[in-house]
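Quick note, the sequences are listed as chains A and B, same order.
For what it's worth, the numbering used here labels the leading residue of the first sequence as 233, then goes sequentially.
For what it's worth, the numbering used here labels the leading residue of the second sequence as 188, then goes sequentially.
Certain hints may be false.
Stated by the list, open to error - Covered stretches of chain A (in silico footprint by chain B; criterion: 3 or more residues with CB under 8 Å from a CB of chain B, positions within the stretch not fixed):
no., segment
1, 564 to 571
2, 596 to 610
Claimed, not checked - Looking from chain A toward chain B, a few residues come up when the C-beta cut is under 8 Å (computed):
no., residue
3, Phe495
4, Gln496
5, Glu498
6, Val578
7, Glu582
8, Ala586
None of these hints come from the bench; they were simulated from the model.
Just so you know, even glycine gets a beta-carbon here, dropped at the ideal spot from N, CA and C.
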Amino acid sequence: MPHNFPPDSIGLVTPQTLRFEQPLALDCGRSLAQYEIVFETYGTLNADHSNAVLVCHALSGDHHVAGHYEEDPGKPGWWDNCIGPGKPLDTREFFVVCCNNLGGCRGSTGPTAINPDNRKPYGPDFPIVTVKDWVRSQARLADRLGIQQWAAVIGGSLGGMQAMQWAITFPERVRHALVIAAAPRLSAQNIAFNEVARQAILSDPDFHHGHYYEFGVVPRRGLMLARMLGHITYLSEEGMRAKFGRELREGRMNFNFNFETEFQVESYLRHQGHAFVDRFDANTYLLMTKTLDYFDPAADFDHDLAAAFHRAQARFLVVSFTSDWRFSPARSREITRALVQAGREVSYAEIPSAFGHDAFLMPIPLYHDVLRGYLTRVAQEVNVHAA
Amino acid sequence: MRPELELISEWIRPGARVLDLGCGDGALLAYLRAQRQVTGYGLEIDPANLVQCIQTGVNVIHADLEAGLADFGDSSFDYVIMTQTLQAVRRTEALLDEMLRVGRQGIVTFPNFGFWRCRAQIALRGLMPVVKTLPYQWYDTPNIHLFTLHDFEQLCRRKRVDILQRTVLDHAHRPRLGPKLWPNLLGEIALYRLGRA
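Chain B with its partners taken away, still in its complex shape:
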């Protein structure tokens, strides 16, 4: 998670107002507050995470992302961030829309299903892949929408969402040369900064 936090932090303007969808234990917001003096809130549904955020002093709002972001006004945040969450929600496209309604920019990170290990496990063993970023069995996984970098960029094109920046990390979560050259094959995690066209 650490390199991911650092990379996101580099994209964030100091003092920005941030909404973190599915903020987990609040680690990202705490990091951004320390590094970038951001203000803002996390949305989280899990009670244990909620308590963790409150203990850490991170502003957290108990909410179900599937219900949308109706409580938040248009462009009321500089950035709306969704780390490793897009693949776990039911209404993926609607949430992407909501994200770019509420935020001037969106930042998403997700596990790349086109990563070579995933491809190899399906191609060679004929089984659904179990990799570090997708560690669950098919029957107990919270990840209900699996997609590749190409899938995501196709959707962005169709929806006229601007891709402002992209970083792809390899299996060691480093932005090395390999994933730069063949991102959809060698990238295990993708980070995108998005804007409205």
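Same shape as in the complex, but just chain A:
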């Protein structure tokens, strides 16, 4: 069937899978004997393999970051507005890689995968993985793809944390790290929201201590509640007011005690919750929130973030959004301050936006100008010899 994608679209894409047979030792003390990583690539790797860019996904993201699938051409990847020929992350210049992280539920080995030890889904027996574990698994993927050094590692939110960790764990393998709407570690408030989300899932009667696959059910209500709560933290008060106000679905209040959705914002949250349950696994959600909670690269360096960055060699771009209260600009300034203290090269941009945390996925002109400006320099740097 012919498709009509705009000229700056990557067009149709297909995911690939690589199997890793060498055990991966994890931070929790356990190891994964074997695992699979599903990923997508766009653009062409240049002759000296210097133009590869890794995009890291956030809490609920996956490897489908741009382009369209044949079977669902209407729905592009989650950061399609930023990646493609002529877009800020230009696929004519870069070879873009994005993988589904370990513990995910979109194809890479995670709680829904079959545990080779007992031929049953891992479920809650899947080890908790950390950002550092992800980075190590991504490094193995890079090895297999023949990429010694990334031109850039890019990510928003939890993805930005991976970009930071990459620069600290593998200093010589990252030329540039783009850390967007991230934080050097979670605040007590961040962890509190994660805990309520987890409790929503854990207290669902269909959860069965995480073994719900065996009962042929999913903890729908719990996962839906977790996602609804999450969505509140992704938006800003201002953005919610602009989008929903106090609009009533039927134009009047019913004063009923049945709690059907009356306000538009209720309907939006329920929709987001429902849609999420169909595409996401509750155990993965639990695991990813713990991964977030545990992230603290400074902990390995006497809780001195500047000391952690001291070993990094990458140049950094740090970006935040004014109305983001999940990982506010103050958190990005913490990162920037530590980078300056460590003597690293860094630029920092604070983008005015009413979209809250979600802004990192939006095509805000100034934001995209900043990314485009930065990545154009990176492209000149790496493609100068390879042209």
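Since the structure of chain A is already known, use the hints to place chain B on it.
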């Protein structure tokens, strides 16, 4: 701007660590990096300038100078530079203090309000001066603190700030004999290198 860049560059030790307050499009930092192999950052508030710096490959940090320099440690830079910015900030004195806290030395440049053309426009026409270095009307100017060389040096004395070096440029932005002899009258732009006493 060019002669100003060159003069500042001559004052900078090669390989120094530099912070440029209100760095604009990053021209000075790019110049110093090429001429003096400096490292460092610019602080800038204007989004268009920010994008320009990033495109040029100049490290730029989005920041409001009025909020101070709390993100930077004491003596964490060899030089803190402020070109044509001091007259446009609200908390001039506080920023001068911050500059000499964060930098071992400070370099400031500003338009001299004592320049004869400014004096003449007020004295003869009774109007606020509009000159090449102060090109705005009184109602739309970003320059909210206008001062002369004497004003500035008085402040330095009062604050016990050492003036290590001074260059005064004439209207052609050249350090000629005229402004050397009568700096506060014939100088249009002043450059100072400052230290803490």
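To see whether the hints hold, each was checked on the structure:
1. 564 to 571: holds (count 3)
2. 596 to 610: Per the Cβ count (7), the hint holds.
3. Phe495: With a minimum Cβ separation of about 35 Å from chain B (threshold 8 Å), the hint on Phe495/A is violated.
4. Gln496: Gln496/A check fails; min Cβ-Cβ to chain B is 32 Å, beyond 8 Å.
5. Glu498: Check failed: Cβ of Glu498/A comes no nearer than 36 Å to chain B, outside 8 Å.
6. Val578: holds, 6 Å
7. Glu582: holds, 5 Å
8. Ala586: violated, 16 Å
In summary, the structure is inconsistent with hints 3, 4, 5 and 8 from the numbered list given earlier, while agreeing with the others.
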